[in-house]
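Protein sequence lines correspond, in order, to chains A, B, C and D. Numbers in my numbering are just positions in the first sequence, counted from 1, shifted up by 148. Numbers in my numbering are just positions in the second sequence, counted from 1, shifted up by 148. Numbers in my numbering are just positions in the third sequence, counted from 1, shifted up by 708. Numbers in my numbering are just positions in the fourth sequence, counted from 1, shifted up by 708.
Among the hints, erroneous ones may be present.
[Unchecked claim] Simulated DEER-style distance windows between Cβ atoms:
#1 A:Ala-163 <-> B:Ala-403: 42 to 52 Å
#2 A:Glu-179 <-> C:Gly-1010: 49 to 59 Å
#3 D:Asp-859 <-> C:Gly-1020: 51 to 61 Å
#4 D:Arg-1016 <-> C:Val-1021: 17 to 27 Å
#5 A:Ala-163 <-> B:Thr-286: 14 to 24 Å
#6 C:Ser-1024 <-> B:Ala-403: 40 to 50 Å
#7 A:Thr-286 <-> B:Thr-286: 34 to 44 Å
#8 A:Leu-159 <-> D:Arg-1016: 41 to 51 Å
#9 A:Asp-185 <-> C:Gly-754: 40 to 50 Å
[Stated by the list, open to error] Not the full set, but computed from the structure, chain A residues with beta-carbon under 10 Å of chain B:
#10 Asn-150
#11 Pro-188
#12 Trp-191
#13 Met-193
#14 Gln-419
#15 Lys-422
Read the hints as simulated data drawn from the structure, not as lab findings. From the three backbone atoms N, C-alpha and C, an ideal C-beta is built for every residue, glycine too.
Chain residues, written in single-letter form:
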Amino acid sequence: MNFALSDEQALLREAARGSLSRFKTVEVAREALEQPDALPDLWPMAIEAGWPGLLIAEERGGAGLGAFDALLVAEECGRVLASVPLLGALPASAILDAAGDETLEAVATGELRPAYVPARPPGDHDPGWTVEPARGMTRASAPSAAVEGDQVTLEGTVAFVPDASGAALLVAVGVEQDGQPVAAAIEAGADGVSIEPVMRYDATRSLGHVTFSGARGRRLDVGADVLADAWYLAHALIAGESIGAVQTCLDTSVAYAKERFTFGRAIGSYQAIKHELTEILRRLENARGLQYYAGWARASAPEEFPLAASAARSAAGGALDFAARAMINVHGGIGATWEHDAPLFFRRAQLSRRLLGGTHDATDRVAERTMSGVGSI
Amino acid sequence: MNFALSDEQALLREAARGSLSRFKTVEVAREALEQPDALPDLWPMAIEAGWPGLLIAEERGGAGLGAFDALLVAEECGRVLASVPLLGALPASAILDAAGDETLEAVATGELRPAYVPARPPGDHDPGWTVEPARGMTRASAPSAAVEGDQVTLEGTVAFVPDASGAALLVAVGVEQDGQPVAAAIEAGADGVSIEPVMRYDATRSLGHVTFSGARGRRLDVGADVLADAWYLAHALIAGESIGAVQTCLDTSVAYAKERFTFGRAIGSYQAIKHELTEILRRLENARGLQYYAGWARASAPEEFPLAASAARSAAGGALDFAARAMINVHGGIGATWEHDAPLFFRRAQLSRRLLGGTHDATDRVAERTMSGVGSI
Amino acid sequence: TVNQEISRAQVPGILDVIGIGMLGPCLIAHGSAEQKGRYLGPMLHGDEVWCQLFSEPGAGSDLAAVQTRARQSDDEGWTLNGQKVWTTNAQFAAYGLLLARTDSDVPKHKGLTMFIVPMDADGVTVRGLRQISGEAEFNEVFFDDVRLEPDAVVGGVGNGWGTALTVLMYERLTIGFGSEGFGSPTRLAETLAADETARADADVRHRMGELITDLLAVRFNGYRALTALAQGQIPGPEAGLAKVTMVNAAIAASDLGADVVGPDALEPDSDWSYLISFLPGLKSAGGTESILRNTIGERVLGLPPEPRLDKGVPFSELRAIEKQAVAR
Amino acid sequence: TVNQEISRAQVPGILDVIGIGMLGPCLIAHGSAEQKGRYLGPMLHGDEVWCQLFSEPGAGSDLAAVQTRARQSDDEGWTLNGQKVWTTNAQFAAYGLLLARTDSDVPKHKGLTMFIVPMDADGVTVRGLRQISGEAEFNEVFFDDVRLEPDAVVGGVGNGWGTALTVLMYERLTIGFGSEGFGSPTRLAETLAADETARADADVRHRMGELITDLLAVRFNGYRALTALAQGQIPGPEAGLAKVTMVNAAIAASDLGADVVGPDALEPDSDWSYLISFLPGLKSAGGTESILRNTIGERVLGLPPEPRLDKGVPFSELRAIEKQAVAR
């Protein structure tokens, strides 16, 4: 185990930072709250940077990199609240790659943008595959699937699907009558597919309610393990994004605490502020350690990946909640104004903690895995 | 609503403080960890002070005071960790008083010391009456009761009964076959009664596992409301005790923070210490506000007493947990040594939070009451 | 009640809270007989709304650092220049109570004076300040050569700090005990009643129980404070602890409500969205939690103060010292 | 591993941690060639146990305030007088690494020197110091005219503070990454596996998930630190954050375990009782959380330090100033 960035990874991170710096992503995050079309399309930039094929094998036109590399890219996007549809595309690409699907080259070049329509695998108190409900805590059943040869027909709704709007291909999980999950690649424009775009509090996060009414797609020949892996990969990506956002909250707050004076002293010299800032750092470092764990586990110990990804999301989600509020606190009244950046990170935190099962579900899975003896605690 | 101490209540409190000051209760709390018989018998002092009959009507030889007065006495006992068996005696006396029992005068004078053998009323997710198990989170059924005329026969075990050892009369709650609770007054020395004394971590807290094997006693003619009231009264008394203990933690820690210097400044001038101490104060004041609520509700709005007593115990329990740890922290290494008083308050906190359903159960009941629309939130 | 009538009339419900709850008591304590006679009646009847003009961009927690200047003219009147922020109701207000610096050559707490400012005077400009929700819950107020009469002074020239402290004490009492979590307990009970899964979830129940316990404590400590007021006692700084409890419990309530509902709770017209956006700003209203805890630690528990680097330094020299420190 | 062998031999498992994990690296960094040759071998082989003699009754968090005096004799040797506390393994140790004041007329960080002290020397008295559990996990050590040779000095006279900092860095690394919650996760998993009600309780699960997440983070940050060490980097003060996380997660684990088991968890022979009694004291070992956070805030985040009232004051005058302040 080598738990440090390789030279290539440092380069990947620098390149990502460079690409993103060409856009005023944070300013746009504010504007888009009132004018959703103010968001620039960052997919061409992602294509240029080679991100769509990051997790696709080299022989199929991808970069053949690992989850940890993807998390570094997610982190850079999160740092500047960039709206790049990787949370939809990367887990979808991982399923397509495992299936050796015919679309892989087009997906790898970014020509065809896929979106993952997630289903939560068993692994906590629920024995079956479930999806996000439109409202409330009661989980919804995953879409029902009927398989005929290479074709799958899906029926059902999945709420709050990241990056579904504008995607060309949906990679969805359905459940057959016997409870077994099955994956389908469905054209977004196919009959029986409807995608209702929704925006909730954080304009940089594109979401959609996806409804299948007898929609037909190609069956993807992958096992339940690959579909579970995609779910945890999405969790790890949310963790990566959150880590980047926390880093910005910390940097901005530290800089302000050095410059702002009260009672004749820089506010950063007061223990209350100083300890709040070190608490951001502590949580950030914990999340980073688990980001390494998730990256390492997916590559080298896949049976631990569910635990690692859940722990990373739990820690990073908690860190972002804390950091966004701390950023507002440290900045005093000005931190709660529309023109300040702090509320944008707060909006990111408020929505992220409630997506894809929420931070809470990830924490619960850490407990379940440990209690059932998976993972090496 | 007059939410301040009356002159009589201020006098009662002063008198209690005076009576207790004649004993080295805190020192003894330490000695008794190694020599349980080092504890003095404080019952004669309680008799002298008139505490056994505090809640018994004047016409039956008692003082006819209210729950709030009892809580003030409990608070003074908690302040010095005095081992006075009021948690057993007062709820028992309330049931006996409601039943107009023949023993009331002897109970009021303290000649006959009763102990309440508690059963948890319905009012959360459990529909029935339950008791503490010897171990684990699964609640045990209340003893089963067979009624014949004025006689009740009980069968079953109740673990961790406060002040059972040495009591002359047990006031127990059993459940008839139809699920209805019934109260019985059983001589502690009667056939079929066994009391196994247990000490757990806090030597000032006398506990016993009480087992009834066909034990017979007098039926007490009271309704389920009286038996529920006794449970919540016990909760309120634990809250009162805890409030007193928190006050000592605060006073001792504040005094030390003014005297102890690091880096050339009194440690109480540092925000980290100052804010930790104001956090004790905040929690203490919250618990005190709810102590008033509990006292007022039992006298004037009994339908709110379950909510008020549960909230008081929840707040006071949390305050004591926090304060005992803070007291150790503020004192640095010396606060974690055998000779210091801080560990004695820590022991009190550790045991109290796990008695009679625990602080946690009280918090859960606050939620249940609010969700089911009882109480005026 | 007045509050209910006001809220029925679609006027912000906090209108009377600032005037009647905070500024009125200050006028009663420090105002002249003429000021009480002129202003208290219309304030109580809701005919004249008041606003509080204390905070500035450079003086929030450290309120004594205000830079808005009032200079005495030859006719003994005053000329006001400067800027205030975080002013609630400035756009509706007939009058404002304003803390200004009248002497820069003495240490900062000593050179302050409190004034009554007619908000329709020439040179007063009110500009909305958008908060997290996008709504302008607060205002910036600019003063450009605003003329004040000599009788605009409240509590005496140079006594502004003591006068301001009275307002702050009542502010803490008002925010702490006056608002009880902004209706969040009722909303939460409704939200949970509508969700069987949530209602049976031990973690949801525990979070609910904790925050309701806190809000009940604030309510009954409010009754204790009222009892003390009725007995002639003045609210002490410990009332600020109620604010800390109330704001944090309301945050916990909105977080829990939104966790149960899911992302739809973040829609602009949801029950929860406004609270979620509003509460972070409220945490700073009336002094940050950290300053409150300092004050209470020192004045209630008697703990020694922090070392102060600004003590005894003339206000005019302070900024220079700070700039130097940043440059280092 | 060595650790496993030691624990099989019924010798406290932390034996090698203090010597090999903390004091050895300091000798490697600051010791003379002779000292390294003489002491490192037997330390590594477990033949000679070491203890750390830093903290004093009046110098815990503020370690530079040590009062134990070493006076140079005519023969260039030293005479040691004073008292140390919180010393683990003093009763087993062959040697101790001791921080003493050798000059009181300079500011407190400057007059310190580090010494190697043979624990069997005349005038050394070890007395057990009982902790919450009643067991003497730590010791007090008294020095009464103890004679030291000139070659007992480590790192040069007057350089004791820098030498001590090296030990403290490794101490934080050791306590943070070396102990992983004292086996609490395994115990907790067993406890919950044995209790169906607990296992299904959402609140228990949430508490469990949070603390396990923290302990996993400590473990994998430990691997990051090891990777950095292998690349030749020295552990920075941020390693102290791992200690904060680890201790608090272990406290959360023991609280949860005992909540599930009930009062029986507090029996002396329960799995939980020892941890519950041991952890509060550990929170202060290696500097309080508050001092750690100051250090990290200043050295890692670059935040400005607290105002210091003891800076540049000769040590001999400090106590007098403090006494005066208390009397005020």
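Each hint, compared with the structure:
1. A:Ala-163 <-> B:Ala-403: 42 to 52 Å: violated (60 Å)
2. A:Glu-179 <-> C:Gly-1010: 49 to 59 Å: holds (52 Å)
3. D:Asp-859 <-> C:Gly-1020: 51 to 61 Å: holds (53 Å)
4. D:Arg-1016 <-> C:Val-1021: 17 to 27 Å: At roughly 19 Å between Cβ atoms, C:Val-1021 and D:Arg-1016 fall inside 17 to 27 Å, so the hint holds.
5. A:Ala-163 <-> B:Thr-286: 14 to 24 Å: violated (57 Å)
6. C:Ser-1024 <-> B:Ala-403: 40 to 50 Å: Because 41 Å falls inside the window, the suggested range holds.
7. A:Thr-286 <-> B:Thr-286: 34 to 44 Å: violated (26 Å)
8. A:Leu-159 <-> D:Arg-1016: 41 to 51 Å: holds (44 Å)
9. A:Asp-185 <-> C:Gly-754: 40 to 50 Å: holds (44 Å)
10. Asn-150: Violated - the Cβ of A:Asn-150 stays beyond 10 Å from chain B, reaching only about 37 Å at its closest.
11. Pro-188: At about 44 Å, which exceeds the 10 Å cut-off, the nearest Cβ of chain B leaves the hint on A:Pro-188 violated.
12. Trp-191: Status violated, d = 46 Å.
13. Met-193: Violated, because the Cβ-Cβ distance from A:Met-193 to chain B comes to roughly 45 Å (cut-off 10 Å).
14. Gln-419: Holds. Min distance 4 Å.
15. Lys-422: Since the shortest Cβ distance to chain B is 9 Å, the answer is holds.
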